[in-house]
Every structure is written in C-alpha cells, then in structure tokens.
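Below, each chain spelled out in residue letters.
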Amino acid sequence: MSTAATSQAAAKEFRTIRNIVGPLVFVGGVKGIGYGEIAEILLPDGSIRRGKVLETQEDRALIQVFEGTSNLDPGSARVRFTAKGQEIGLSPDMVGRVFDGFGRLTDGGPAIIPEKYTNINGVPMNPYARNFPNEFIQTGISTIDVLNPLVRGQKLPVFSGSGMPHNRMAAQIARQATVKKSGEKFGVVFAAMGITFEESNFFIEDFRRTGALERSVMFINLANDPAIERISIPRLALTTAEYLAYELGMHILVILTDLTNYCEALREISAARKEVPSRRGYPGYLYTDLATIYERAGRLKGKDGSITQIPILTMPEDDKTHPVPDLTGYITEGQIILGRSFHAEGIYPPVDVLPSLSRLKDKGIGKGKTRPDHAGVMNQLYAAYARGKNAQELAVVLGESALSPLDLRYMEFSKRFEAQFITQGENENREIEANLDLGWRLLGVLPRAELKRIRPEFVEQYYVEATDL
Amino acid sequence: MASERSNGTIIKVSGPLVVARGLSGSRMFEMVKVGVLGLFGEIIEIRGDQYSIQVYEETEDIAPGQPVVPTGVPLSAELGPGLLKSIYDGVQRPLDKLMATYGEFIVRGAESPALDREKKWDFTPVVAVGTEVEAGDILGTVPETALITHKVLLPPGLAGKVTEIKAGSFTVEEKVAVIKDAQGVSHTITMLQKWPVRIPRPINHKLPPVKPLLTGQRIIDTLFPVAKGGTACVPGPFGSGKTVVQHQLAKWADADIVIFIGCGERGNEMTDVLLEFPELTDPKSGRPIMERTVLVANTSNMPVAAREASVFTGITMAEYYRDQGFSVALMADSTSRWAEAMREMSGRLEEMPGDEGYPAYLASRLAAFYERAGLVIALGKDGRESSVTIIGAVSPAGGDLSEPVTQSTLRVTKVFWGLDDQLAFQRHFPAINWLSSYSLYLDVTDPWYDAEVHATWSKNRRQAMILLKKEADLQELVRLVGLDSLGSADRLILESARLIREDYLNQSAFDDVDTFSSLRKQALMLETILAFHQGIEKRLAGGLDLAPFLNLPVTEDISRAKLIPEKDLDSRFADLRKKIEDALEAAARNANK
Numbered sequence: 001m002s003t004a005a006t007s008q009a010a011a012k013e014f015r016t017i018r019n020i021v022g023p024l025v026f027v028g029g030v031k032g033i034g035y036g037e038i039a040e041i042l043l044p045d046g047s048i049r050r051g052k053v054l055e056t057q058e059d060r061a062l063i064q065v066f067e068g069t070s071n072l073d074p075g076s077a078r079v080r081f082t083a084k085g086q087e088i089g090l091s092p093d094m095v096g097r098v099f100d101g102f103g104r105l106t107d108g109g110p111a112i113i114p115e116k117y118t119n120i121n122g123v124p125m126n127p128y129a130r131n132f133p134n135e136f137i138q139t140g141i142s143t144i145d146v147l148n149p150l151v152r153g154q155k156l157p158v159f160s161g162s163g164m165p166h167n168r169m170a171a172q173i174a175r176q177a178t179v180k181k182s183g184e185k186f187g188v189v190f191a192a193m194g195i196t197f198e199e200s201n202f203f204i205e206d207f208r209r210t211g212a213l214e215r216s217v218m219f220i221n222l223a224n225d226p227a228i229e230r231i232s233i234p235r236l237a238l239t240t241a242e243y244l245a246y247e248l249g250m251h252i253l254v255i256l257t258d259l260t261n262y263c264e265a266l267r268e269i270s271a272a273r274k275e276v277p278s279r280r281g282y283p284g285y286l287y288t289d290l291a292t293i294y295e296r297a298g299r300l301k302g303k304d305g306s307i308t309q310i311p312i313l314t315m316p317e318d319d320k321t322h323p324v325p326d327l328t329g330y331i332t333e334g335q336i337i338l339g340r341s342f343h344a345e346g347i348y349p350p351v352d353v354l355p356s357l358s359r360l361k362d363k364g365i366g367k368g369k370t371r372p373d374h375a376g377v378m379n380q381l382y383a384a385y386a387r388g389k390n391a392q393e394l395a396v397v398l399g400e401s402a403l404s405p406l407d408l409r410y411m412e413f414s415k416r417f418e419a420q421f422i423t424q425g426e427n428e429n430r431e432i433e434a435n436l437d438l439g440w441r442l443l444g445v446l447p448r449a450e451l452k453r454i455r456p457e458f459v460e461q462y463y464v465e466a467t468d469l
Numbered sequence: 001m002a003s004e005r006s007n008g009t010i011i012k013v014s015g016p017l018v019v020a021r022g023l024s025g026s027r028m029f030e031m032v033k034v035g036v037l038g039l040f041g042e043i044i045e046i047r048g049d050q051y052s053i054q055v056y057e058e059t060e061d062i063a064p065g066q067p068v069v070p071t072g073v074p075l076s077a078e079l080g081p082g083l084l085k086s087i088y089d090g091v092q093r094p095l096d097k098l099m100a101t102y103g104e105f106i107v108r109g110a111e112s113p114a115l116d117r118e119k120k121w122d123f124t125p126v127v128a129v130g131t132e133v134e135a136g137d138i139l140g141t142v143p144e145t146a147l148i149t150h151k152v153l154l155p156p157g158l159a160g161k162v163t164e165i166k167a168g169s170f171t172v173e174e175k176v177a178v179i180k181d182a183q184g185v186s187h188t189i190t191m192l193q194k195w196p197v198r199i200p201r202p203i204n205h206k207l208p209p210v211k212p213l214l215t216g217q218r219i220i221d222t223l224f225p226v227a228k229g230g231t232a233c234v235p236g237p238f239g240s241g242k243t244v245v246q247h248q249l250a251k252w253a254d255a256d257i258v259i260f261i262g263c264g265e266r267g268n269e270m271t272d273v274l275l276e277f278p279e280l281t282d283p284k285s286g287r288p289i290m291e292r293t294v295l296v297a298n299t300s301n302m303p304v305a306a307r308e309a310s311v312f313t314g315i316t317m318a319e320y321y322r323d324q325g326f327s328v329a330l331m332a333d334s335t336s337r338w339a340e341a342m343r344e345m346s347g348r349l350e351e352m353p354g355d356e357g358y359p360a361y362l363a364s365r366l367a368a369f370y371e372r373a374g375l376v377i378a379l380g381k382d383g384r385e386s387s388v389t390i391i392g393a394v395s396p397a398g399g400d401l402s403e404p405v406t407q408s409t410l411r412v413t414k415v416f417w418g419l420d421d422q423l424a425f426q427r428h429f430p431a432i433n434w435l436s437s438y439s440l441y442l443d444v445t446d447p448w449y450d451a452e453v454h455a456t457w458s459k460n461r462r463q464a465m466i467l468l469k470k471e472a473d474l475q476e477l478v479r480l481v482g483l484d485s486l487g488s489a490d491r492l493i494l495e496s497a498r499l500i501r502e503d504y505l506n507q508s509a510f511d512d513v514d515t516f517s518s519l520r521k522q523a524l525m526l527e528t529i530l531a532f533h534q535g536i537e538k539r540l541a542g543g544l545d546l547a548p549f550l551n552l553p554v555t556e557d558i559s560r561a562k563l564i565p566e567k568d569l570d571s572r573f574a575d576l577r578k579k580i581e582d583a584l585e586a587a588a589r590n591a592n593k
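Each protein sequence line maps, in turn, to chains A and B. Sequential numbering from 1 applies to the first sequence in my numbering. Sequential numbering from 1 applies to the second sequence in my numbering.
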C-alpha cells in the first residue's frame, strides 16, 4: 500500500541536508516521505546513524537522529529513507540477553536470528479486549503486599528522589516477585534510560548473581549514550514484552528506569522543534506520550500472558507536582512514594506509606487470593498510622503529656509500625500470611473498640491485645 | 452536494495533524478520509487553499502526495435503538464489534457502524396515518432494553402529515414511516438518525432546575446536591478518588439513562466498568444497570484527536435520549484530558497560546459544553420535560486548582466537589472536602427534601454543617493550646463532628450495603447522630460533666448504622434511638452519683 508507493522514492539517497539543529536534521528535495519512517544517515567514514521522521512536507522532511548529530557534515552526509517505521526483531532467544537503545546486542554473545519484526510503536489495546487485572503478585515487601498490593497487568510506578534506594528496591522486586500459582512462565524486561554505569552494573550484576538474568531481557542506555535513544528504549522493551506475553504466554514484569530522563529527552526534541511548551518547558503532549508507554501494561482476553509495569522516576526536588510524576500519577494505577525522611532515619525500604496507593488493591486481595481479612487489615493499618502520625505531630508541639491515653497508644502503634512493618531487609522475602499476622500483632497495640474498619468476625478471629505496652 | 467537492493531496504530516491542498468545496468540520489507508479525519482549519485536518488515527506511514477524499458530512453520531449497552470509542465505533472483526488491538482504518445494521427491532406506532406531526413528536416506540422504551421521534427540521406508518420488526435502516411536508415532499423515516456532534440538538425551551439528582452518596445528597439538569465538577489530584466518585454516580444516580465518557483515562478502569456494570442491579427496577448505560471509552493511549471528539459524541447521545423525555446523567472522566487534546491540536496548528499553552478558546469551549446540560421542554407537541445533568471530573496538574481548566470549569458549573488528597491518605472516602465544596442548588433542593423526604432535612443539614465548621475552628485552637483547655460544650462538638465525619460522610464504595444509601436512610442516620449530640448537649446544660458521656459503647452502634440494610430501616433505627436514649440516661445517672 503506502510502502509500495514510497519505496520508489526511498530507494534514492539524498545529499540535501539543509539544517542541523540539536538532534534534528532537515532534509530538502525529497518527495513522498512517510510520517514516522526510519531514515539512515550515511557518513563518509562508512558509519550509519539512524533517525525517525518527525514531520514531512511535500519537498522536505524533519528527522530526529537517535545517535546525535555531532560530527555530521551537511555537505558529505547522505540520507536514505527506509519506508518503514522503527522495528525490532523478536525471538524467544532474547531472554537472558542485554541490548542497547537501538535494539542491538551488547553482551558480546552470539547473534540472535529474529522470528519476526514488529513496529515498536505498538497499537492501542481495545479496552473491550482487556481482561481486568485481579491476580495478586507477591513481592515479599510488606508495604507493597499488604498496603499497596500489586496485581498482574497493573502499572505501579515508584516515585523516588535522587539519592534514594529505588534501584535496590526495584532489584528486590524483580528477584522476589511471584504469583501464588506454580508452573507459570515468568520473566522480567528491564529498560534503563540514561542511568549511570554504576547503576547499570548494579542491576546486571545483581540479576546475574541471583539468577534473575536467566529470565530477563535488558535494554540499557547509559547516561553518556545519546539522549535521543531514550525515546525508543521503553518502546523496544514493551514490544519485546508484548511478544513474550501475548505470543509466548509469559507473565512479564517490565521495570522502566528512569522515566524522568525519558521525559527530558522528549523535552529536548520539543525545544529543538520550537514547539509551544506547557509546564516547565515540557511539551503539551507529554501526557499522551507517557500514556502510550504506560497503557501497554495489561492482560488480554483469551491470552495467557500479562504485562505488569513498574516504572521508576526521580522527582526533581522530591516534588510530586512536577509534570513528570504528576502526569504519571494520572495514568498509572497508583504510586509507591519513597520518603526522604525515612531514608535519612535508615529505614529500608523507605516507602512513604500514607501518600502511596495501589488503585487495583481491592481486586487482587481477599478470599482465594490472599486472605479474607486483608482488606480490613489494610484499611485499619492506614487509618491507625495516619492518626498515630497526627498524634506524633501534636506531641512535638505540645509535649506527650497533652495527649489522651488513646492517642498515646496510637503513637506507640505508629512507632512500632515504622520499625517492624515498614522496615525490612533487602533480602527479606515475607510471605503474605506472615505479613498479615504481623499487621494484627501491631494492631494489638490498639484497644479492640478502635478496629472499626475490620469486620467483627475477623477481629474475633485474629485480634490479640498486646501485652508489652 | 458532494459532487462540487474535489479530492485533495497531502502536503504535510505532523503527528495527528495533516495539511492538504485542493479540497475546494469542503467545509469547516467536514469529515475526510486521509491517505491510502483512508484514515478518518476532520477539517479544523482552512487557510486559503490549505486545509488542516485532525486525524482520528495514528498517522505513521502517511506521506505527502497521498490523497484526501471528502465525505461531504460533518462528524456525526448515529442515533437510534441499540445505543444502550454499547461501548464506543471517541468517534462512536463499537469496540466489541471492532474486537470481533479486527482482534485485540485497534488497527488503523478499522470501521464498523455504531448501530447494528442486521438487528431487528419491534416498532409500535403511536400515531396513525393522517396525523399532523411536527419535529420531536413521537412516531412510535421500540423496547430497547427491559428498562428503557425507546421513542422514535420525528427528526428536527421536519413537519407534515403521516402518509404511511406500520408496526412490525425492522432494522434501523428500514422505513417505518413516511411524512409528507407542506410542500408535498415525502420524507422516509427510519429508526436511524444522524446528528452532527458539535451542534446542540434543538429543544423547545430551558427551565430552571427543580429537584436533586439522587445518588445514594451521603455527602453528595445531603450536603452538596446537584440538581437534575444541573452541572457539577469534581476536581482533585491523582489518587483522591475522582474515578470512584464518577463510577459511584454512574452506578447509583437516579437518572433514566447514564452516559459515561472515559476520556483519555486508563484502559483497565474502563475494563472494570465493563465487567462490573452488567453485574450491578438498579435499586429501583432490579435490572442490570448496563441496560440504561452507554459507555464511551477513549483511553489515554488511543488517538488524541478522537479524545477531543469523544466528549461531543457522548453529549449528543445524551441529548438524543433527553429529547425522548428521559432524565440523562452524563459523566465525563476527565475533562482535563479533553482540554489537553485541544491544547495538542492547537500547538500543532501553531496558534497563539493562552495560559499554560492551552488555546485561548479553552474557556468558551468548556462553557459551551456544560451549557448543553439543562432541564428542558423537549421539541414535540406533548411538551415532555426532561434533563441532561453533566458531571465532569477535572484532573488539575499537581492538584493546583488555579490551573486554567479548573478555573474555566468552576466559572460555569454550579456544584463543586473538591477532592482532598489529605482525606484520601486517611482513607476517608469519598474524599470530598466538606469545607471547600459547595452546591448552588441548595435553595432548590432544600424545599424538595423537606417536602418529599423528611420534614427536618434542611434543618439537620444546616446543623451538621455548623458542627463541621465549628470543628475545623476548634481544631485550630487545639493545635495551639491543647485539648484540655476546651470547655465541655466545645469538646462535645469535636466528638459529634467526628461522628458525622467518620460515620456519616465516610462511605465505602466497596461495601455491599454501604455503597448506596436511600434518602430515608440518610435522614435517619443523620437524625440519629444529631439526637445523640443534642441528648448530651441537653444534659450538659443541666449541669452534668461531659466525661461519663465520652466513649460510650453505644457510639459503636452509631458507627455501624451505615451497615443497616435498607429493608429494616425503620425498626432498626427505632431500636438504635431507644438504645442511645437509655445509654445517655444511664450515663447521666452515673454522673449524678
């Protein structure tokens, strides 16, 4: 169809680069170039850079060059249009391998013979074809499993800040995540955008050491790699994930880090194109663009596999209202927020419990999934901790003597909650039942009458008042 | 008329914006088919010979030189029996049919008519041959679902004498009647009608609202009601429960028809609606609520231009059912995503931006949309009274209500349910802040509630609000000087306000009983809490100490009153009131000793 029409024109090479602005190249004298197709720029030294058509007009095209435009000479470089969008070759052998931001192997291993090529931009899932996520994933982390349960097909980001241990936590989740059913194929697709060598090394080594690498596909773009490659990395990763999930029936956990770097790359291109910016210089289509990444999580009717996403982003100045976390929060199904004060107190994982939320929590828990009392315990722990924190603040202003005996109990509860429930070891994998029992032990600090959010029959079954007050 | 139009040629492609030349004869907002794939688009700007087109599908591979073919018609919605129970995308393609034909993903160029062309409907005429009819008159009825009897109306712009009409089973495209107008021209009427979505459907005239839209949500019905035919907005930062509020309203609002627009929101949420609604039953009729619902789902990753259209598609369907005499509630989640779609197109058109890059016409577009709500007398001789109520969610960036979409919305809507993330952190749901929210319909709804539900309704509402307001003031004071320095009366206010907050306003959407409260139950619950308050207040005035009245076991019964099933309200609440009175009496005796 269109490819037949354009491939005639595309067979030609053009020596007509008119302008080079940042990562953008303007080519003149062309005809019939398709929007979004991949162009190859051939340098005199024989090297090739790839780019994507961002805008096309009758006689010119605007190309965003993935590998950057340094050393490009408009006089000697030639441009060849491929008449195809960006594609990735897919194969079951990708599992266990490491790729770069253009989908090329970087681990030095043998080449992979692709079974098929697929456009990386994906096609929107029909909402009618979706299957609702309702299978609990156990991560072994109390603050996630009990308070913000993750379910298959969900997208649950981690909002972190610079200097916080989000990478360690992500690695822990990748290591420990299991579904409470055996015999299912589980895999991790890991995409790193603009992270440092040390961070990347940490992940690769950790995955290798713990054997997680054998079930992982890694896409790595380091901080000194071209920023523009960061635009395609999540799409390469998700196209791979879709292949593994929907064609090979695997349950895929996709970890994307760090989305803030991705958005900055997007801003860089937008600025080079002189687009009207919205907040903080980010383009007006940032929401839509992020949605085309996050919405690729899910499950499909009639297919075995699933895609669960854990995107990680660092909030500039820990500001949740910054456009990147803000727009992310509006698309994803909840968020896990890391708190700097917890981190400073040495609490790991420093999950700031109160503003964290999993929107799909009610669907993945309860009878047959975790335990019937789960919902009540979750709500009661939240409410009690919120009240305990309030009491703590009051005590700071007025002194503990100003608190009622009940508030003192709440304060004690929240202290123990932070020390025993939030805090856990980096290699500590807690079973959900043990986690819920721990929750009940902490609720024992409160008088029975305070447990208003739990059904009376569960209070009857599990409540034991603490004796060490 | 399409004969004067000529085909155009693409000269530029930039994301969802395509510019073409040579489309002479085409009009503003006309639909065109773009490129060799025939993607749907709409003309949104004409500059000389250059026509800017927003394309409703992904434009990858579309290249300059490819053709653009005009269709001669503006973007229109198909109207007729079969809309209910459907799920559409933003340009009214049925998603279930798309899946059956094209698979799990929405491929480009996919087409499917909004209304099933094969299905037969039983048409029963209500007018006879020879009757003079005018636009909006009911020609016949069709049982669309067990809940809704669809009315086939004479389309706007037509009038004349019925020369042919017959009962029977027809598809939507088959002739059901023939009308001969004053000029002697015969018009064939089918059950399928089309209407351009950007133009409001005509009405006879508008009326001021007279009664509330009941929702079964206590904080909404009691404190901040929205009138039937009114407008409300729900702004809130992410995680504050906007979508749950919208879903609750879609489930329980006492409208005849519910149109739910998922505009640029999450795919999994729409799936939740799709799976859950068929399971839920309408409290009045006992039928699945899906039988009165139309869903429009244009999730955030679906093309942005179709998102812009989805709101208009939804409101046009709402107006169509309104014209049949139904009360319709339309929920749009979220209008911010709609505004962002406008911003994106505006940016691509290189228009001069207003606030935060939004186009300068943002406020007028929002206002024009909300103004399509209203209590109206529909067209037609019988003067049917019906309404469209619009409830729009707003997702302010960073939860900052000063941003342009929220501000433009607040200027045109009359009810404000301000969601508060602090309340959400405490798991107080619905997280509607009772101090910042407001309803401008109270002067309409108070007399209605007093007359129809409970004589002391408005008095109780005012008293509850006063307690909540005083509580907020007192809490400021407590933060400064501590709880001990408050007098008994003030401490009682704190206690009672806490009961109102935790045991009345807090309502669980996920509890089978608590998810919906009838007005009767709301009246009894609030009156019980206030009776408890007044019972203690009276005894304090008699000189007793507050201490024995604090932490009475009976407060636990008050807390659990929300779980009293609807069927034994009167007996259970009578028991509760007696128990409270006994408990207070006993406490008073203790205090006296």
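Honestly, I wouldn't trust all of these hints.
Unchecked claim - Below, simulated DSS-like cross-link-like pairs (lysine-lysine); rule was C-alpha separation at most 30 angstroms, straight line:
(1) Lys97/B x Lys303/A
(2) Lys389/A x Lys469/B
(3) Lys85/B x Lys303/A
(4) Lys211/B x Lys120/B
Hints were generated in silico from the structure; no laboratory data involved.
Each hint tested on the structure:
| no. | hint | verdict |
| --- | --- | --- |
| 1 | Lys97/B x Lys303/A | holds (19 angstroms) |
| 2 | Lys389/A x Lys469/B | holds (23 angstroms) |
| 3 | Lys85/B x Lys303/A | holds (25 angstroms) |
| 4 | Lys211/B x Lys120/B | violated (38 angstroms) |
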